[in-house]
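Residue numbers (our numbering), protein chains in the order written: chain A, 990 to 1380; chain B, 990 to 1380; chain C, 990 to 1380; chain D, 990 to 1380.
Keep in mind the hints are simulated off the structure, nothing from the lab.
Repeated chains share a single entry, so a pair holds when one copy, or any two copies, can fit it.
DSBU-like mimics (lysine-lysine), calculated; alpha carbons at most 35 Å apart, straight line:
#, residue 1, residue 2
1, 1008, 1327
2, 1300, 1125
3, 1139, 1327
4, 1139, 1300
5, 1008, 1300
6, 1059, 1327
7, 1139, 1321
There are 4 protein chains.
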Amino acid sequence: MNTFEKHVMHVGEMASGAKLTVPVYSFEAQQTCSHPCTENTAPNVYIQANMHGAEVHGNAVIFQLLELLKNCNIQSNITLVPNANPVACNHKNGEYTLGRFDPITGVNWNRMYHFDEAVIAPFAQQNIDAREEEIKASFEQSLIDQIEQKLDHNIWGLTTGQRIAYQLQRMAHQADLVLDLHTGPISSKHLYCPEYAKASASYFDIPHTIFIPNDFDGAMDEATFCPWWSLQQAYKKLGRNFVMGKGAFAKESFTVELGSQEQIDLAVAHQDALGILSYLQYKGVIGNNEQADQPQKYLPQEMTRYACYLKDYKALYSPMGGMIDYLAEFGKPLPAGKPLARILRMDNYGDGDPLHNICLDREVIPILHFASASVNQGTELYKVFSDFFEI
Amino acid sequence: MNTFEKHVMHVGEMASGAKLTVPVYSFEAQQTCSHPCTENTAPNVYIQANMHGAEVHGNAVIFQLLELLKNCNIQSNITLVPNANPVACNHKNGEYTLGRFDPITGVNWNRMYHFDEAVIAPFAQQNIDAREEEIKASFEQSLIDQIEQKLDHNIWGLTTGQRIAYQLQRMAHQADLVLDLHTGPISSKHLYCPEYAKASASYFDIPHTIFIPNDFDGAMDEATFCPWWSLQQAYKKLGRNFVMGKGAFAKESFTVELGSQEQIDLAVAHQDALGILSYLQYKGVIGNNEQADQPQKYLPQEMTRYACYLKDYKALYSPMGGMIDYLAEFGKPLPAGKPLARILRMDNYGDGDPLHNICLDREVIPILHFASASVNQGTELYKVFSDFFEI
Amino acid sequence: MNTFEKHVMHVGEMASGAKLTVPVYSFEAQQTCSHPCTENTAPNVYIQANMHGAEVHGNAVIFQLLELLKNCNIQSNITLVPNANPVACNHKNGEYTLGRFDPITGVNWNRMYHFDEAVIAPFAQQNIDAREEEIKASFEQSLIDQIEQKLDHNIWGLTTGQRIAYQLQRMAHQADLVLDLHTGPISSKHLYCPEYAKASASYFDIPHTIFIPNDFDGAMDEATFCPWWSLQQAYKKLGRNFVMGKGAFAKESFTVELGSQEQIDLAVAHQDALGILSYLQYKGVIGNNEQADQPQKYLPQEMTRYACYLKDYKALYSPMGGMIDYLAEFGKPLPAGKPLARILRMDNYGDGDPLHNICLDREVIPILHFASASVNQGTELYKVFSDFFEI
Amino acid sequence: MNTFEKHVMHVGEMASGAKLTVPVYSFEAQQTCSHPCTENTAPNVYIQANMHGAEVHGNAVIFQLLELLKNCNIQSNITLVPNANPVACNHKNGEYTLGRFDPITGVNWNRMYHFDEAVIAPFAQQNIDAREEEIKASFEQSLIDQIEQKLDHNIWGLTTGQRIAYQLQRMAHQADLVLDLHTGPISSKHLYCPEYAKASASYFDIPHTIFIPNDFDGAMDEATFCPWWSLQQAYKKLGRNFVMGKGAFAKESFTVELGSQEQIDLAVAHQDALGILSYLQYKGVIGNNEQADQPQKYLPQEMTRYACYLKDYKALYSPMGGMIDYLAEFGKPLPAGKPLARILRMDNYGDGDPLHNICLDREVIPILHFASASVNQGTELYKVFSDFFEI
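Bound-form chain A, shown alone (with noise of 0.2 Å):
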C-alpha cells in the first residue's frame, strides 16, 4: 500500500490571530525497478480543492482520491491540496458561504494567481538553444523563482489572496498535471480545458468541456498552462518549433467543475475520483493494476461528450428582477425559442404581466444556472453552450 507525506501550509492569519492552514498530501513515485533505472518520465500532479468556499465537493473527491491511490500503482509525484482555501471556506453571511470573492475586496479568490507575460520573450531569447530537457528545468525553476520572489521579497506585503494563491502556486509550477476542483452554483459538470489538450477531455467523466485559448485571467489553470503556451509560441517566433502538450511542454491543467456548490457527498465522490484516476492512467501516472482486488484499469465511462469554445460558452443576464423557475434541463440540446425558465412577477399580478419566459433565438445547452430564485436585473441566469459540438 502506497503511504503519502502529510505537511500543513500556513496560509493566513485573521484579525484574532487565528493561523488558518492547509494539509498538503504527497505521494511519490514508486521506485518499480532495483537497478539504477532510466528517468521516471511519467507527468508529476498537482490536485486541489475549495479553492472558492462554497465549491466543497472537490475535498470529497481528494477524500477518495486518497483512499483510492494508496492502492494504485503510482508512476510519479502526486500532491493533493483540500481546504485549499480556509479563509473562503469559513467565511458565512447567512447560512451559505460567501466564498467566490474575498468579502473585503470583492475579489475573486480564483484571478489572482501570477503570470508575468513580460519575462517570456527575454527568456526564449536567452535559451534559445538550449535542450528540451534543460529549458523546462530552467524555465520551471523561473516560474517557481518569480513566486518566491513575491512570497518572500516585498515590502509592499500581499494582498490575502495572494498570499494563498502564490503558496498554492508554488506547489503546483512543479507539476505537470494540474487539476483545479470547482463547482458551478447549480451546476453540470464541466471541464475547462487548454485547446492544444482536448484529447485528453474524452479521459473524464465530464460530459460537456470548454475549450480556452491562451488568455491569462488570473486562475490556476491558466496561470500554471499559459507560461508555456507563451513560451512555445516564443519559441516559435525565434523559428524553434516545439509541440504544445509534448516533451518539455507536456503541461495540462484543467478546471474540473464538479456539479452544485454548497454540498459534498461520498458517494458520487467516489465516482468523480475514478474519473479522475482514468485521466490520470491514460497520462501514465497510474501503471496498470497488478493487485487481484483492484480493477485493472481505470477507464473513461461512455458518454455524449459536448465541447465549444470559451467565447461560446455564454452567460444570460436576467432583463428584470423576480422570481425565477429554472425550466431547463442541464446537459440537453434546448431548441431555439424553448423557455430556459419562467420569471414570476408578482407585483404585476392584475395590471400586468406576472409570468415571463425567457428563451434565445437558437440552439443552446444550459450548463449551470443562479443559486436562488431570486434574481435583480442583470444577475447572470443560464451559462450556456451556444455553438457546440460532439467531441
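Given the coordinates of chain A, work out where chains B, C and D should sit on it, guided by the hints.
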C-alpha cells in the same frame, strides 16, 4: 369568475429614497342570495408569503391560489399578500438571499409582530358580560387599535421590521384564519399548528405537524392566535367558559412551511395551492363548486401524517466544524443509532479521524437540514421530531 | 512585579477545521502576610473584551491593564480575557466587522448567556437557614454546575454562540465583580450599572450611566448579577433579608461602553485602564501602592456624571430613508426642538423637500449614533437619555 | 436665478420588482446675447456622486452645487447626478454599506464602464482628413452609439452594474469635463487626474493629486478620457498632431476623492462645492458674476499641493492579522522608519510580542487607511505617495 381588488402598500424606504411596496389582493365574499340573507358566518382569511427573504416559494403558491380562487365559490373575505417583505427579499449576500433577519440588526423578521399580554385581563374584566359577538368585534378592534397606535403615534419611531410587520398584522387581525407561508432551509413540508386546532392539520397536504402552545415569541401566527387564546383563558379565570377555536374564538393561525428556500416551482405551487383550498373548504371559506368544469370539492390527499409537540421538535447542533454529507431522509422515522450525517474533516486525514458519524440515541423523524455543507461548531444541522405520533 | 498565568481556551471550530482560541490571563491575590492570615475578603474580578466583533478597543484596555497590574498591590484574583469572541472578530463583510450577531443566525452574541430563574426559589427554600458564606459558596457552585451541565452533557449540542458564552460565563461566575468591555457604534463612553450598585458608577471615568433593573435579557452583566439579585429577593419572600451588593451578595457587573467601535487607540486605552483601576481600588481589589514610583492611589476623575434609568434610555428610529448629517454632540443636554440630525434626500431635490430636521419634543442627552450616514426607514439613528439626572 | 431640469432615470430592478431610479439635474447654458451669437465654446460638464454605495458625501456636495449654481453665470450645459448607484447605496451588511462591489459577483461598481480600444485606429483612418470639429462631433457620437448598442441590442443581457454604468456613461460622453465624486475609506482629500491635465489639478481645493496614464481599467474617469487620448495617439501615428486637452481633445475627467466614506457633512460639502466651482470657472464653465451679492470669482485656496504618479501610489498590506492602531497623519510626509501603525496582538501577550510597528524604508505621504482596526494578514492598511513632489 371572481374578481379581486389590488392595492399597493408602502412598507419601507431605503437609503436612496427608494420606496418598497407590497401588493395586496382581496376577494370579497360572494352574495349568494338576493334577499337580505343571514349573516355570513364563513371565516375571513389572510394569507401572506415571503416574510423571510429567501422563502420565495409561497409567492408562487399565492399566484396559483389567485388563479384558482377566480373560479371558486367564495363565502368570505380573502386577502392574499405575496412579497410581504421586499427589504428582506431584495437583500443578497453573494448569490443567496440574506432573508431571515434584518441585515443591520440581526433581528429575525418573523419575531417582530406585536402582542401585549397586559391588555388581556383588563379587557376580559371590562367585557365580562358582553355578548360573544360583541366580544369578538370589540377585541378585534382593540387589537387593530393597538397596532395603529404603534404605527401612527410614536415619537421614537419604529424599526424597519416593525413597520412592515405591523402593517401586515393590521390586515391579519381582520381575518379569522391566518396562513403565513414560509419554507425551511432544505426541508420537507411541515406545519406549525396551535394545539387547539389539531383537527385542521389533516386538511392540509402536509405530512408533518408541530403543535404549538400559547407562547408568544413574536411570530405572525402567534401574534394572531395568542391574544384570543389568552383572552379565552382570562375569561375562564373569571368563570366564563368559551371553547378555543369555536364561536368568537374560531381563530386559527398556521405557519405553513412549504419545502426548501431559494427556489420556486410553479407546478409544485399548484399542488400546494390545492392543499390550502382543501383546508379553506373544510372551514367553509369555499363552498361546493357548481360549475361543471371545476372540481366540486377540494379534498386533502391521503397520507401518513406525523406530529409532535413543539418541545419535542429538536434542533441538533454540530459538535464540530467541518463539511456535512447529509444522509438522513426527510419524513421517515430514523432508528436510534443510525447516522443523520457524516462530517468530513480533511485536516484530520492521515493523522486523525477524517469521518465522523452524527447519530442520536433515539428514533427521530428528520424534518429539515442546514442549507450548506460547511458548518461551524455549533451550527444547526438538523431539526427533527424526537417524540412523534401519527394524526 | 506581579506575574500572571496565561492559558488558552478553545472556543470554536470553523468549517475548515480551524480551531479558534481565546487567551486568558490570571493574577492571583498576593500573600501579604506570612502567618496564616485572615480570610481574604477582597472581591475577585473578571474582565473581558470584544464579545462583539467590531468592539475592539477593550482589547487595548486589557493590554494596558495587564501592563499596569504588574505593579499594583493586588488583593484578590483577577482574570482578564481579551479577544473573547474570535468568531465574531474575524468576520468581515466588506471592510467592516460584522460583529454584533452570529452571521448565520442573526442572534446577538451578547444575548446568549444563561440564567434559569426557575432554580432560584428552590435554592432559597433548601438553604433558608444556611450561613451567609455557605449561601455564597453553594449558590456560586450551583451557577457553575448549571453551566458545566450545559457545556458537557447535551446530546443536542450548543449553538456556536452558547459554546463561547458559557465558557466565558463559567469564569465570570467565579468572580464577584464582572466588567464586560464593549463600545457603541459611534459613541460617547457610557456604563450599564445595576440599580443597586449606583454608588460604584462614580468611580469609573465615564460620564454617562444607565441604571438597569433585575431583568435578564441574555447579556453577560445580567447573567452574573441577576441570579444573585433574584436570590436575594427570593430570600426576602421567605422572610430572610440580605442587602443586595453587600456580604454574600456583594456582586457587581457592568457593561462598560468605551466609545466607538472599529478602532483601537493605545493612548486612550491607558486612560480607560486607569479609570477601571480607580473602581477596582475603591472595591479593595487593589491596595494602596507603597512603591515610590507608582501612584499611591487610583482616583476617579472629576466630571459631571449623568445617569438615567434603562426605561428612559431611548432609541430613535429614522422616520424615512436617506443620508444623515449627524448634528447633536454627545454628552451635552440638547434642548427640545433642536435638531439631532438632518436627513438629506437628493431624490426629492427640485420637486420635494431635500432636507428634513430630526427633532424631539423634550430635552435629551445624545449618547451614541448609528455608524453610517445611510439609513433605511426604521434604522436606529440615536440613543439618548430622555429623563436624566446628575449623580 | 438659473433653473434646472430634473428627470428620473430607471437603472435597476430588484427581486421584489422594486424599480431603482436616479435623479438627473441639468442646467443649460445661459443665452447671453439676443442676436444669433457665436458658437458657445465653454465645455459641457458632467458630475456624478455615490457610484460606490458607502461614498455618500458627494451627494451633499451636489446638493450644495445645485444651490450655488442657481446664482452662477453658467456658460455651458451642466449635468449633475447624485445617488448614481442606488443598488450599492441601499446594500447594508450590518451597520455599514457594502458599496464597493456588486454583492452577488464581487465586481467593483467602478470597473464596469466601457471602452473598446479596437475602434480607435479605424476611426482615425476613416476620419484622417476631417475637420477638428467634425472629429469631435462624430467621435463623441460613436462613443454614445457604442453604449446604446450595448444597452439596447444584446440578447444575452447586461450585468446589473453594466446597466447602471452604461446609462451614466451615455450622459458623461456628452460632456467635456467629467467629475466622478468618490471618497476613500478613512481618507484625506485626493484627486485622480490624467497626466495631460496637470494644470487643472491646482484649481481644486485638494492637496493630493495622483497623475494617471492612458490605461483603461474600467473606471468612469478612464472611460471618458482614454478614448480621446487613444484617438489623439492614433492620429499621431497617422501623422496628424493634436494636443491632448486642447481643441476637440479638450476632455478632462477626474475622480475626486472627498475624504472618508459613510458620512455626510453639509457644511464641509459647501466648501467642497466651492472648490469645484473654482475649477469650473477656470475652465470657463462659469463666467464672472455680476451680481453684487455673489462672489465675483471662485478661486482656489492656497495650499501646498503634493502629487505623485499612479505607479508610485502604493498600497501597503498588513504583514499579519491583528488590531491596528493607525498612527500616521494624512497628508504630511512621514520620514523613513517612523511607524505608520502599530499592530496589537493580544494572543501573543505574555509569551510573544503583542505590539508590532509597521514602518517603511522610505519617506511617504499617507493618504488613506483601512476603515477598521481589525485586519487579516494581507488586508490593505494604508495607501501612500511613495515618490512625491509639489505642484
